[in-house]
Every structure is written in C-alpha cells, then in structure tokens.
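Listed below are the residues making up each chain.
2 protein chains.
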Amino acid sequence: MFESANLEHKVDKAAYKCEVANLREALLHAQLELKDRGRFPVLILIAGVEGAGKGETVNLLNEWMDSRYISTSVFFEPTEEESERPAAWRFWRALPPKGRIGVFFGAWHTMPVIQRVTGEISEGEFARQISEIVRLEKMLCDEGVLLLKYWFHLSKPQQKRRFRELEKNPLTRWRVTEREWEYFKSYAKFIRVCEPFLRKTSMGEAPWIVIPAAEPRYRALTVGRHLLAAISDRLKDGTAQTLPVHTPPLALPVDQLNPLRALKLDQPMTKDRYKTELAKWQGRLNAAARDPRFQALAVVAVFEGNDAAGKGGALRRVTGALDARSYQSFPVAAPTEEERAQPYLWRFWRQLPRRGRFAFFDRSWYGRVLVERVEKFCAEADWHRAYVEINDFEQALARHHMVVVKFWLAISKEEQLRRFQLRAKTAFKQFKITKEDWRNRKQWDAYEHAVCDMVDHTSTSLAPWTLVEANNKYHARIKVLRTLCLAVEAALGTVKPPRKK
Amino acid sequence: MFESANLEHKVDKAAYKCEVANLREALLHAQLELKDRGRFPVLILIAGVEGAGKGETVNLLNEWMDSRYISTSVFFEPTEEESERPAAWRFWRALPPKGRIGVFFGAWHTMPVIQRVTGEISEGEFARQISEIVRLEKMLCDEGVLLLKYWFHLSKPQQKRRFRELEKNPLTRWRVTEREWEYFKSYAKFIRVCEPFLRKTSMGEAPWIVIPAAEPRYRALTVGRHLLAAISDRLKDGTAQTLPVHTPPLALPVDQLNPLRALKLDQPMTKDRYKTELAKWQGRLNAAARDPRFQALAVVAVFEGNDAAGKGGALRRVTGALDARSYQSFPVAAPTEEERAQPYLWRFWRQLPRRGRFAFFDRSWYGRVLVERVEKFCAEADWHRAYVEINDFEQALARHHMVVVKFWLAISKEEQLRRFQLRAKTAFKQFKITKEDWRNRKQWDAYEHAVCDMVDHTSTSLAPWTLVEANNKYHARIKVLRTLCLAVEAALGTVKPPRKK
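In order, the protein sequence lines correspond to chains A and B.
Taking our numbering, I'd label the letters of the first sequence as residues 1 to 501.
Taking our numbering, I'd label the letters of the second sequence as residues 502 to 1002.
Check the hints yourself; a few may be wrong.
What the hints assert, rightly or not - Derived contacts from chain A toward chain B, CB cut-off under 7 Å, selection only:
(1) R128
(2) R199
(3) V388
In short, the hints are calculated from the structure, not lab data.
Don't be surprised by glycine CBs; every beta carbon is placed ideally from N, CA and C.
Produce the entire structure from the sequences given, and follow the hints as far as they go.
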C-alpha cells in the first residue's frame, strides 16, 4: 500500500513556487465557496509515521487558506473532562460545522494503532475498535461530512534520513528525542499494524490517502492538490454520482397487537399510595446518588411520550429527589442554526454529563425516528440508518458506565383529548397546548407505528426502553422513579468508588 | 429488540385463508416480474431461535411461489470440498443470479453465534467475524442484491410451549430431542449473544427483520407480506431513493515518478543464464509442490500486465514445472451471461482451488479497477469500493492458507509497439493481436495511472504485487518463477502436512 510513497519523489523549487501561488488562490477560492454555499463540512484527518511532516502540513494549510474558517484540533492524552465521557466525545466536540474545515491531528486512529503496537490491546480488541471507527466514519459520511484521511508515509530509510537531518540542524535538534529513535526501532512492527489498519478502515466514501512524505515540496503539493480537488468536486453538486439507496421496508404488524396496545394504560394508584411510594423511591434515589460509587457513574435519561402524557411532571418527581447541582435537564425543541450545521447526534453528544451527574432529556435524539420520520423531515434511508446509529451511540455511553434509561409515557387517545381540553380551559395551563399538539394528534396512528418500530429497533439490554402506562399520572411517576432508581442501584454494584484526588 | 415478537400475536383461520389466496397471487406476480425484468437478485436469510418454524416458512415460500425460480440452500457442517476453501466460498457458490430468489437457511450468521454461545470463540474473534459479515453484506448490497434477513424469534415461554406441543403430537415428536431441550436451557445465554449480534450486523440497507414466530399463521403472513413489499418496492425503480454518493478523488502524483516508471524495464539476462535459472527454479517449484505440507496449502496466482507483455509465456514456464493434474489456468475475458448476473467477484470465487492445487488467472478480478475503470464500464463509486472488496477477498484466501501472488508484467511503450508489429507480421502470431490491443494502446497513460493506483491500494503484506520488468522475456519469466517459488516455500514453513485419511 506504500509503493508510490516509498519512491524518492521530488519537486524542484522553482516549479513549486510557481504552482503554490496558483494553488493557494484556488484553495482560498474553494474555501470561500464552501463557506458561502455551506452545505457540507470538511474534516481532514492527519495521521501517519513519525517525522513525516504532519505538523508542517497542518501549519501550511493554515497559512495557505483563511485560517479563520479552519479549526485545528490536536488530541493528546484525554483531559480529565474528556476522560469522563466516552472516547468519541472530544471528537464530536471538535467537529467542524457545515461550510467549515476542521483538521484533526491524531484523531480516533491514534490510540488503537499505538496500543496495538505496544501490545496493550489484543488483536480482538483492536478488531472491535476498528469496527467502531468504521461505523463512526460511515455515519459521518452518511451525514454529509467530506472526510479526507491523509496518511503521511516514510519508508524506513526515509525516516532515518529525516531524523538525522533534524538532528544535524541546531534549530530542529530538539525535535528528535529518544522517543523518536524508539519509534524508528519499531518501524517494521508499526507498519505491520498500520497496513491492515489502513485496509480495514478504508471505505469507498472515506479511503485513506497515502501521502509520500519524504520530500517537503512533494508532500505539500500532493496534499494541497488533493484537498482542492476533493472540495471542488463536492462543490459541483451535479457531478456527485447518485446511486440508488435501497432501504427495504420494515416489517408491518399483521394483527392489531403491538407493544403500545399491549399496555394496560389505566393502572390503579391512589393518592395516598402515591405519596408513600414517592417518598420511598425519592429517598432511595437520593441515597443512590450520594453513594460514593455513584462518582464512577453517570445517568442519561430520556423522556419521550405522547403529547400531554406527563413527561414534565414525571421528570420533576425525579429531579425533586436530587441535589440541583447534580443534574441538568435539556428540553429538546427544533434544532438551532448551529445544531443544524452538524450531524443530528451532535447536539446530544455535547450535553453528555460528567461523572456523578444526571442528564435528563425531555425529548431526545429519538426525534429522528419519530417526528422527522412522520413529518418526512428526513429521507427514509436517513431514519432507517438512525436505528443503527442511535444504538451505537447508546452503547458507547453504556460502555462508559453511563446508565441509559429511556421512558415512553403512553396515554390513550381519549385521555389525551381530555387533557388537551383541560389545558385549553385552564388559564395557567394554556401555554402548554398549541396548534402543533392538535396537528400531531391527527397523526396518532403514524406516531404509534413509529414508536413501536423505535422500541423494536432500539430497546437493547444495555439501553432498554421502559414503556410507562400513563393514564394515571401517579402510576406513571412512580414507575419512572422506580425504574430509574433500580437501574442506578444495579449499576452501583458494577463499579468501585473512584479514588479521591 | 424483541418487544413486538414477545407478544402473543394471533391471526384467525378464516382471515388467514382469505389473505393467503391474495398474497400468493401477488407474490407469484412479483416473482414473475422479477424474473422477466431481472435486474437484481433476492437473497433471503433465515435465522433465529430453535423451534421457531424456520423450516416450515421455507417450505411455505416454496409452496407459495414458483419453486423453479427459488433455490434453497441449507448450510450444515462444511463438506470436505467446502472446508478446503475459505468459509465464504459455499455461500458464494449458492448466490442467486439476478431475477431469482435464493433462500439461505443457516448462512454466515449461524456459526459465529453458536460458537460464541458455547464459548468456542472469544469476544474479540466474535467481533472480527462480525466485521467480516458486515463487509460481505455491504458488498452484496452495493452490488445490487436485495438482502432480506429474517430473524425468527420466540420468547422463552413460547419456545417451551412449542417444544411441548411438538412432543405431544406423535407425528412431530421426533423433532424434539435432547438437543432442543439443551437449547432451551441456554435460551438466556443465546439471547445475550444474539442481541448485540443483530444490532451490529444491522445496516440501513440490510436490517434484521424480527419475525414474531410463535403463531404459525401470524409468522407466515408477516414474512409473506414483507417479502412482497420488499420485492415490489424494489421493482418500482422510481421509488428507490437516490442519495448522492460522494467518492473523494484519489491522490494524483505530482511528479512523473510512479511505481511503474521507477522500474528498469530492460533487465539483463542471457539465454544461457536463463536456461540454467529456469531449470533451477522449475526444479525447486516442483519439489515444493510435491512436499507433503503443500497439501495443506493452495496457490492463487494472478497474471496481469500490458498487452503483449508476455503473461502467457511466463505462465507456461510456471505450469511447465507442475503436474498437469495439480493446476488449472483461467483465461479471463468478458464475463458470460451467467457471470454478469452475479457480483463481479463471483466468477473468481467459484474457481478457487482445492488444497494442494494451483489456480492461475490470466487476467483477473483486477479488471474491475483496470479496464472497467478506464473504459467506464462501471461507476466511479463502484471501482473505488472495489479496492476494499478485493483486499477483503484476498485476505480471506490468505487466512485460509492460500498463497496469493500477483504479477504485473510491465513493458515499455516502444517494446509493445515492436511486439505488436512482430505479431502482425508473423502468421502464427496474428491471432494474438486484435483491434482492441491497438485501442488499449491509445489509452496507455490512463492504464498506467490505473495500474499505479491498483498497486498502491491492493498490495498488502499477505497479497503483495510483484512488478516484473518484462522488456526482456527471460528476466521476466525467471522473476515470476522465482517469486512464486519463494512464496510457496515460505508458506510451507507455516503449515503441517495434513493427516492422511
């Protein structure tokens, strides 16, 4: 895979100078067009062997283009804040929005490769991480990101020569330390790991582009020209090949039974019983949240349900048990402009809680497969793949010791009508009922269908849905509180309290 | 993921009878249209828990439709012939052609799941196999296969009830053995493995469709309706969503240097030296092929090169060293009708050699990224993804102890002209030179570019390209023979001779 890169390429100084002037102009122009027409982000990954001029290239890109619209992110060891979230969090935080260019220096590729070279992770764990990378990159491409992955390559003799040159020059001597020579010694091992890695993480939409990196001018022109071609191609929307996307239909229910209809929505609970239960579960939840082991966990809770099903009321009974400093609630409405410039999961990734904290989502990423599906805000293929993407997202949370609980609060159509009318009549409740609520109600069957598909496709053992019979608010609130509390208590048993710093 | 399937669905007899009549007619009609318009194959995977009526459903599908155009394949333990090829070989053999329906009963999903449940394979190996499945299925979908994956589900009580019922009936008692009750005992374990498996092998284009399988009529209607909807949707080409496929460009060389131009095409070798070397390497190759350990290996050799570069002559010097019963040569021309009805790799999979044998391909699957690319016989996105698919294919061979050697025989443009003219002049060589050769010659630069990209993207440590300087035929033949021989000798060191049966 490094045949071309192993050759001794050369570009002479005069030719370089001449071309760079044109290239810079063209790049600037492309960048401007990207910014103004702004329909996709460009994400550049910079990776490769040591001493291959990765840093120089990043500097050059910033010099050549308008650096106001390029953001460069360097990923070293995770910070404390980063390590409290799933590994992908810091990458999500740094994603460029549509119309912008983001450069990731050492992204999700660095750690798996290094850890495999040093033997820290097994072949199997390496395979698992590779498949996560492939899924992440596929999602980014499907969401429209122009993903350009540059792999800077040096042959072994080229690497040796490079280190020697740096050492000779007093100005660059500091760049070659023992660590660099260590890398050199394990060159063969490194390539043995990288070759299958590059192969397995290359896809048609996001192949690795191997950059022959030994000669600075050749390297710079290769990257510059490729970047220009890739952005220009994509800007000419007409040239994008359109292949048909065949998403097979989901299975339709044959009878009238489905997980929602199987519920007995009217569940008994008296006010007295409710008060007793509320006190009991709020107490237990509070105790669980104060358990020292809880500092090794976090909770992500999703509240979805029919309009007027009582999501807000249930949520308040939960937060009522908690220290206000330990949780945050996110009411999810239509995405902001900033959010629309990102993959749909972006605005949820950014809200993930730190260790020892709760995040409550009043509506959530499930909008993709509910309202966006029913109202046709996205293509069919988009919400179909969302099931897979959402599952991947939640598994990443669960793997990171985040307790994921998801509630669907279900009321009957009659009960909803009763509550709507009540809201309309009661002055201080009128704000809660809008035209949109009535409009959604007309789509009752379509939503019911979408909810059942959602439950069938995204209820997993690590992130299960809890369907809550909510005609009786008392019952609903207690079920929510109890489910959440039991999930947290169970998770406490799986972790140790973190050491105090 | 089994919420709907765990419910007690029911369809009454009368309603069933009435619907089945219509459904059968519609299915037959769809099948006929599929056969006549024939632009895609339908591949149905049948999987799921024991006792869920998988066999009954397959029988029903054959009964409902025209069974001449359905082929059902059941995969038990691999046969001797199958186990001599990579695991995927038997599935490739059974793929339905365009216009036909294939039913796979226990396909590539069965073994990984069972082996993971029994603990035969580790979590890591399981992850590796899952990623292979995903890549295989993605390739099939990209090649236009309508892939329908039905997962037949029973809840634990449903499975118990089903076994009890079968036991009670004297006619079906034989179907419940100790093995079935063993499965029942490990139900929870099975589901614990299956759930993440289904999740990780579901994609937008090929999701698992969970079939509630407890009630035979409900089960049958669910599958029948879904199959009908899926085929009908796809037949209406207009409804296929077309999303843009953005394949970023490959990197272009900046200078004139590339792996082909870096070669010194004129290599010295006298006729005398050639004779000595030929005898030496033919002898060594012959000895290697007669080594008992060679019965644990096989060889797949690819001969590609410029027109008139001497592929045939080199190949004859190789086969000259071998027992005629131990090898087969495949001259690859335009695909036959049967081959065009399959994914492009199909015709190569079917020719894979058994253990202890050689397969020589005179031109090969690389046509996809050479002639099909240059002549625009396929879309750009198609040959881009072919690099990934070809690498996966060759890795599967290499993992199965097949020695993969690939030769590109390179001659200069002048040398080619000389040879063309010689062929045109010599009566018994005229058949070797056609208009097409002259046409290809006009595309010299485009082919050179395609060859360099091919080498850069598909030369891997397990399946490396050998570039052969072929202006001097003697040199070329010896380099081919020596490379092949050394590769076989090296591989002998990695295996033990198989036990005699």
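Against the structure, the hints come out as follows:
A distance limit of 7 Å between C-beta atoms decides the matter here; for A/R128 the minimum to chain B is near 4 Å, and the interface restraint holds. Evaluation of the A/R199 hint against chain B yields a held restraint, the C-beta minimum of about 5 Å falling below 7 Å. A cut of 7 Å between beta carbons decides the hint on A/V388: the least distance to chain B is about 6 Å, and the hint holds.
When each numbered hint is compared with the structure, no violation occurs for any of them.
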